[in-house]
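Line by line, the protein sequences are chains A and B.
Here numbering that gives the first Met the number 0 is used: the first residue of the first sequence is 0, the next is one more, and so on.
Here numbering that gives the first Met the number 0 is used: the first residue of the second sequence is 0, the next is one more, and so on.
Think of the hints as simulated: they come from the structure by calculation, not from any bench.
Just to be clear, a hint being listed does not mean it is correct.
[What the hints assert, rightly or not] Think about it this way: if two alpha-carbon atoms lie no more than 30 Å apart in a straight line, the pair counts; the simulated DSS-like pairs of lysine-lysine are:
hint, chain 1, residue 1, chain 2, residue 2
1, B, Lys-237, A, Lys-134
2, B, Lys-25, B, Lys-82
3, B, Lys-229, A, Lys-213
4, A, Lys-53, A, Lys-12
5, B, Lys-67, B, Lys-135
6, A, Lys-12, B, Lys-135
7, A, Lys-213, B, Lys-6
8, A, Lys-146, A, Lys-36
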Amino acid sequence: MDRHFDEELRGVKERLIEMAGMVENSIKDALTALKNKDTESAKKIRNLDHKIDKYEIDIEDMCVELIARHQPVGSDLRFLVGVIKMNNDLERMGDHAVNIADMVKYIEEGAPMNKITTIWSMADIVNEMLKDSVKSFIESDPLRAQKVCERDNTVDDMRNEVIRLLLTYMIEQPKTVNTAISYLLVAKNLERIADLSTNICEDVIYIAQARVIKHHAEERK
Amino acid sequence: MIIETAKLNLYYGKFQALKNINLQIKRNLITGIIGPSGCGKSTLLRVFNRMNDLIENVRITGSVFFDKEDIYSPLYDIIMLRKRIGMVFQRPNAFPLSVFDNIAYGPRVWGMNDKMVLNEIVERSLTAVDLFNDLKDRLKTSALALSAEKQQRLCIARLLAVEPEVLLMDEPCSALDPIATGKIEELMQELKKRYTIIIVTHNMQQAARIADEVGFMLLGELIEFDSAKKIFTNPRDKRTFDYISGRFG
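With these hints in hand, go ahead and build the complete structure from the sequences.
Structure representation (structure tokens):
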């Protein structure tokens, strides 16, 4: 029997998927602006972030109302608790996109580290992780979610590699410090986006299977 | 474990109302039994103090152990059983007697006529259900003059007067408004420190609020029995989830 409540839950899901789409675009646009040193596009990211913030407030409001009015149980309850957390994670990702866009103005034309490819490979993986985490939510697919979590270590390794390369530039050519610090912050923000994608996947697994995998909780039992 | 059933079946004539129930009730917990109307939850509750014996054509197979003794063995003392396992019903069933005489009724049946002791029992029982301060100057007034909630409290106090170990509650709040329901639920939380409580309820949220362990019954079967946390966050059986989430068609 399909309940009216099911329709409302679907409404929440659709809204979160729309928000996730905006966050994905925001991150992609921020990285493109960085690559092209396009300060105008960078400004638009901030406007998009205001929209994302509004979605966050709306979705949280919808979840709180449904919990109060329907007192959900079982997977309905796990779904709403999961959405509240994912909502928060997506909003944070939007902030990280703004942080990346804010770096565009500090990148100097022709700085030697503009050629560091690891940061762009890292960006590709982070984009894929976010895309797959959202897909695992859309399709309620814990297996896909699990695979995203496994990629988080790769991103951490790449961030360390980027930091090592940037440090070398900073030591050898002190005038590049400004640009190098900007890239360092970009790498840090990308790494956080990967962490937040992993959080989303942990929530997808919690919703589908009631398993808590974060902080290696299952191994500690 | 205070109560345990093994392969319990119950028939009303040819109709099988309970099917192969294996259940363990732990001491000093509130155990909730939930399920749709006619699923056998009240029948199961009445098995525990042999109230079904009063119904004609009832046949029971399997065992029910209370404190490791089979209560359906021929030599079991049913009167003592009903003293140790008391019952509260849907509607408060205060006797048309004074508040005092309602509480003193049980102890008198058990031969207690010492006025001083009865006074003490009445005070202790009414205090346990948080009625004493309210009623101490009105012990001689009719119990039927009290509000429904207070009558239900009085009925619980009447059970406590004979010092039971288990309280069976069959929809104890269904005749009460939400505020009175909340007060009875608070009382149950207090009482579980000293007694074991088994409650049958239609009200899922009530079971979620107060029960430590929950059994879900359907068509005479115990479909699932687990901690309330597990039942209400991650039930094992789809039928349990369908019922607790209101999907039951």
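Checked hints:
This hinted pair checks out: Lys-237(B) and Lys-134(A) have alpha carbons roughly 26 Å apart, not beyond 30 Å. The hinted pair formed by Lys-25(B) and Lys-82(B) meets the criterion: a straight-line CA distance of about 19 Å does not exceed 30 Å. In summary, the hint linking Lys-229(B) to Lys-213(A) is supported, as the alpha carbons are separated by about 19 Å, within the 30 Å threshold. Pair hint Lys-53(A) plus Lys-12(A) holds up; C-alpha atoms about 16 Å apart against a cutoff of 30 Å.
Between the alpha carbons of Lys-67(B) and Lys-135(B) the distance comes to roughly 40 Å, so the proposed pair goes past 30 Å and is violated. Taken as a hint, the Lys-12(A) and Lys-135(B) pair is broken in the structure, with Cα atoms around 57 Å apart against an allowance of 30 Å. Between Lys-213(A) and Lys-6(B) the CA atoms are separated by roughly 41 Å; this puts the pair beyond 30 Å, and the hint is violated. As the CA atoms of Lys-146(A) and Lys-36(A) are separated by approximately 33 Å, the hinted pair breaks the 30 Å bound.
Consistency with the previously given hints fails for numbers 5, 6, 7, 8, ordered from lowest to highest.
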